[in-house]
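S.K.: Each chain, letter by letter, is given below.
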Amino acid sequence: MAVELLLGALVSAVPIMLAAYGEMVLERAGRVNLGVDGMMALGASVAVIVASLTSPSLGLAAGALAGALISLLYAVPVVYFRADQVVAGLALAFLSWGLADLVATLSVPLSAPIPQGSALHLSLLLLALLLPLVLWAFLYFTWAGVELRAIGYDEKAARNRGARVERTRTLSALFGGLMAGLAGAYMSLVLYQGKYFAGITSGWGWLAVGSVILGYWHPLGVALSTYAIGLVLSLRPYLEALGLGPLSVSAPYLVVILALALSSLLTRRLRLRPPTT
Amino acid sequence: MLLLERVTVVYPNGLKANDEVTVEIRGGEILALLGENGAGKTTLAKVAAGLLRPTAGSIFLDGEEVRFESYLQALRRGIYYVSQEPQLIEGLTVLEDVGLTLELGGRGRSRGELRRELARLSAKVGLRLEPEALCEDLSAGERQRVEALKPFLLGSRIVIFDEPTTHMSPLEARALGEIMREMRREGKGIVFITHKMKEVLELADRVVVMRRGRVVGELERSRIDEARLLEMMFGEVGRAAKSKGMREPGEVLLELRDVSAAKLRRVSLRVSRGEVVGVAGVAGNGQRELFEVIAGLRRAEKGKVLLGGSDVTSKGPGERARLGLSLVPEDRLGWALVPGLDVATNVYFALNHKRFFLDWREVRRAAESALSLVPIVGSPSSRVESLSGGNMQRLVLARELFREPKVLVAMNPTAGLDHATTVTVREMIVKYSERGGVLLISEDLDELAEMADRIYVMSRGSIVGEHAKPFDLEKIAEQMVS
Amino acid sequence: MEQRLGGVLAGGALGFALAVTIASLATGRPLEIVENLIWVYTSPAPLVNTVLLSVPIAMAAIGLSLSYRARFITIGAEGQIVLGSVAALWATAYSGLEGSAALALALLLPALSGALYALIPFLLRAYAGASEVLTSLMLNLVAVYVTNYLIATYLREGAFVMTRIVPPELRAEWYLGLVMIVAAALSAHLLLTRTRWGLAIEVYGRAPKAAETYGYSARQVMLLVSLLSGGLAGLGGAVAMLSFQHSLTPMSFPPGYGYAGALVAWLSSNNPLAALFASLFFSSLMVFGRSLQAVGVPLSYALAAQALIVLFTLIAVARERQWQ
Chain Y
1 MAVELLLGAL
11 VSAVPIMLAA
21 YGEMVLERAG
31 RVNLGVDGMM
41 ALGASVAVIV
51 ASLTSPSLGL
61 AAGALAGALI
71 SLLYAVPVVY
81 FRADQVVAGL
91 ALAFLSWGLA
101 DLVATLSVPL
111 SAPIPQGSAL
121 HLSLLLLALL
131 LPLVLWAFLY
141 FTWAGVELRA
151 IGYDEKAARN
161 RGARVERTRT
171 LSALFGGLMA
181 GLAGAYMSLV
191 LYQGKYFAGI
201 TSGWGWLAVG
211 SVILGYWHPL
221 GVALSTYAIG
231 LVLSLRPYLE
241 ALGLGPLSVS
251 APYLVVILAL
261 ALSSLLTRRL
271 RLRPPTT
Chain G
1 MLLLERVTVV
11 YPNGLKANDE
21 VTVEIRGGEI
31 LALLGENGAG
41 KTTLAKVAAG
51 LLRPTAGSIF
61 LDGEEVRFES
71 YLQALRRGIY
81 YVSQEPQLIE
91 GLTVLEDVGL
101 TLELGGRGRS
111 RGELRRELAR
121 LSAKVGLRLE
131 PEALCEDLSA
141 GERQRVEALK
151 PFLLGSRIVI
161 FDEPTTHMSP
171 LEARALGEIM
181 REMRREGKGI
191 VFITHKMKEV
201 LELADRVVVM
211 RRGRVVGELE
221 RSRIDEARLL
231 EMMFGEVGRA
241 AKSKGMREPG
251 EVLLELRDVS
261 AAKLRRVSLR
271 VSRGEVVGVA
281 GVAGNGQREL
291 FEVIAGLRRA
301 EKGKVLLGGS
311 DVTSKGPGER
321 ARLGLSLVPE
331 DRLGWALVPG
341 LDVATNVYFA
351 LNHKRFFLDW
361 REVRRAAESA
371 LSLVPIVGSP
381 SSRVESLSGG
391 NMQRLVLARE
401 LFREPKVLVA
411 MNPTAGLDHA
421 TTVTVREMIV
431 KYSERGGVLL
441 ISEDLDELAE
451 MADRIYVMSR
461 GSIVGEHAKP
471 FDLEKIAEQM
481 VS
Chain X
1 MEQRLGGVLA
11 GGALGFALAV
21 TIASLATGRP
31 LEIVENLIWV
41 YTSPAPLVNT
51 VLLSVPIAMA
61 AIGLSLSYRA
71 RFITIGAEGQ
81 IVLGSVAALW
91 ATAYSGLEGS
101 AALALALLLP
111 ALSGALYALI
121 PFLLRAYAGA
131 SEVLTSLMLN
141 LVAVYVTNYL
151 IATYLREGAF
161 VMTRIVPPEL
171 RAEWYLGLVM
181 IVAAALSAHL
191 LLTRTRWGLA
201 IEVYGRAPKA
211 AETYGYSARQ
221 VMLLVSLLSG
231 GLAGLGGAVA
241 MLSFQHSLTP
251 MSFPPGYGYA
261 GALVAWLSSN
271 NPLAALFASL
281 FFSSLMVFGR
291 SLQAVGVPLS
301 YALAAQALIV
311 LFTLIAVARE
321 RQWQ
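Chains as they are written, first to last, in the numbering used here: chain Y, 1 to 277; chain G, 1 to 482; chain X, 1 to 324.
None of these hints come from the bench; they were simulated from the model. Please note that a few of the clues may not be correct.
As the list claims (entries may be wrong) - Using C-beta positions, here's what the derived DEER-type ranges look like:
1. X/L190 to G/S381: 48 to 58 Å
2. G/W360 to X/S187: 14 to 24 Å
3. G/D62 to Y/K156: 42 to 52 Å
4. G/R435 to Y/L258: 53 to 63 Å
Said to hold, decoys possible - Calculated lysine-lysine pairs in the BS3-like style (CA-CA distance at most 27 Å, straight line):
5. X/K209 to G/K406
6. G/K315 to X/K209
7. G/K196 to G/K469
8. G/K475 to G/K196
9. Y/K195 to X/K209
10. G/K302 to X/K209
A virtual CB, placed ideally from N, CA and C, is assigned to each residue, including glycine.
With the hints as extra help, turn the sequences into a complete structure.
M.R.: As structure tokens, this is what we get:
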């Protein structure tokens, strides 16, 4: 049972992991995109349509691409017009939710989901496990990664030095959108067997944003924090068995809120300076 | 090597920072650009470094006219600018920071290579450097020296230092001087911006003096003499040196007893009525924390803070203000003043009246009476961020003195101000000290020597010395870096 | 300021046009879409609905504009509204009280529950330093789940998962909400411009360090705006329950009044009086969106249209700023 639980946690953690990696990269470049949940929803919706017309793997790709495309609506105002990133991010979330539902009205339910345990599914699991190592290597051992972090630490100084702030942030936002879209596609194609419905993400995008903070903006830290959230998610049946019913749905949010408070407290106590502005 | 010809820079607010300035930079020479604050030296340097495009004028590099669209372009053409505030990126390691500069400057290399080169170079210029140290852990002086190493690695031909010694101890400044001489030996052209006479006399091969955006004189090494330079810098009037008469201090108004908090270690000091007490120190040695503990923004973990005889250790800023504490913080906009609000509201909010409903006529009256204390260009209804830096500081002082405090605590009150405002601000503070006590925390030792009756020296969060008039400045400088 | 208004109008028009285009394309029935659009702005029934739906939006927006002025970026109005309507439902249909006593409780209890719920992000921010943006967002979901739980258990009535209904004699007339939002906007405006609290909010929001240095406590300011915005949102939820919701069914996602309120606050530069007009506009979009359900447009379309308008406004305003 323990192995089952640990593996089950990974299966449910994957979307949060993928989305959080993308958001982490953007935050390391000094910007926060609160639109993750919306981009996930759009990815989920587009993936179902494209998968029903073509194949599941193309569905995944299309979901990711949709997330990347819509993230431009965040990147352009925020990066090039210096608009408020909180407003832009939330507006993007709301817009994407609506678009996702709207797109879904055009589709027919899909009969060919990605079966759990299939090669495609396993490769996604592998991606979720290996990507943090890749990102770690990128951020800490390549000059492009150093440039990205420099922009996050101190935009002005980095810009003065010739760092390509706008380009880096736009690319990071696109990567964030790509990962969120892929995460959403995984939710609809794998977790919900090829179905999309309004509210499909049930707020996991917010969990992903929170887990970036909990993982202290480090790829390996984020991998751990998202996996921990996956564990809480897969404990749900046990909580429900305790008679908490629908209340158990809120468990991951309460846990993350509490963890956020504790980690902020710890950061303050240790006088740490988070690696992003 | 580099010729700036008839460079004119007009800022959007209409200020003419450079007015037809022509300066030539030659290889194998240290050129000092001398002038008081606001003379236009930094503006000129930024034009040379591609950070600022001139309104008019031309730049010639090796006889060929160039137009720098960015800092990076200038850097790639062999010009390196070290700005006044060390521009290392906090969060990166020294190795990463240097490597990033090289990478973006088109001189990228691998980590291993860079590590070896850094070791070789730092041995050459006599500088110990830990490549894996985080930039944020470096002192201001260390940061400047890391910056000073970069031109060697970039192969820059022209290096511009903008007031590099502002945050340095005398020892560190000497080390930097050595680096500049090494650069000269390699045939680089060095521009050294400063307002300190002593450094010019020590290092410069040639001096260009600027005043109010214009070049007012140029002297070769053999003809450099202090009196001439001073006259050029300040015009015929010269520096109005005013020293105040000795007075008997009255009762103790502000006292710290063995205060420890964050960086601060067992700090004790007292300020009495009728005196200006200085706190000297190199930036980052706990002065900000000291200011915050006195203001009530930071809790004293140990020890006591007394204001006019009553213990305010556990009292907040509001309570302390009511007991007669006035504050002139280091940053004007955002700390002393609120951007986006008008001048009148900026006066009124700090008076912190307890009345629930506001009477805007009264707000305006309060502002007008405060403004009557000092001439300010700008009406009570103008937005505070439209004021010049000098006017902002006049406004802050007027407001704080209008409260008729017992103690005034000011931190670097003249930093970045023009000469005229500096004089006004210093006069206002000294004049006020006849009625109350002043604690002046300043990085500018000359300022302290001019104004203070007593000077405490701060280093690494502790008071390491106390000096009375006449001051032994050598000794104070020594203690600052102990 | 006029510059900004221009940007808002230009961005708003563009966003609006695009939202209508998207709906036309998605449904393939542009004629019906435009017909509906005209109907929404000309017929009495949808106009009354616009006023009704604008109440929770405006109450949230007015409170949030105070909060955002103090740079306390809570997005929690959504959850506070939900709890407010639950509290109002309980007071009118479950408490056993009748008449004006029930009505009084149906306003007091929601305001209180909204304010109390708003205390959580405040406490987490003020005492632990946790970002209120994220905690308040997630608390919205928690509020929805708790409400679903209550609907399925304590408030459940009959064979289906639904609640009792607000008794007809306790329901509010459509114009009462209008009176309430105008009063709230005026009070918020007076608070901001004529009182020490308003000054503290303005000063703290623009320069927190200056506020603290000269004796305005950060915690007090944050507490003040939290309680005010939470209370107002809770009241908005109460009026929604009394004037048009009347009962509750389980939700799979929050209804969106609080999110719209946040968008309205930004659109109106955190000006409570301007927020009134923006709220009416945004609620008309909701009415429009609901009218399109018949042609297969999903409920979330309205929120998306609102978001699109805000995104375009962001760009338009920023462009003007750059030209200056």
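S.K.: Looking back at the numbered hints, which does the structure fail to meet, lowest number first?
M.R.: 1, 3 and 9
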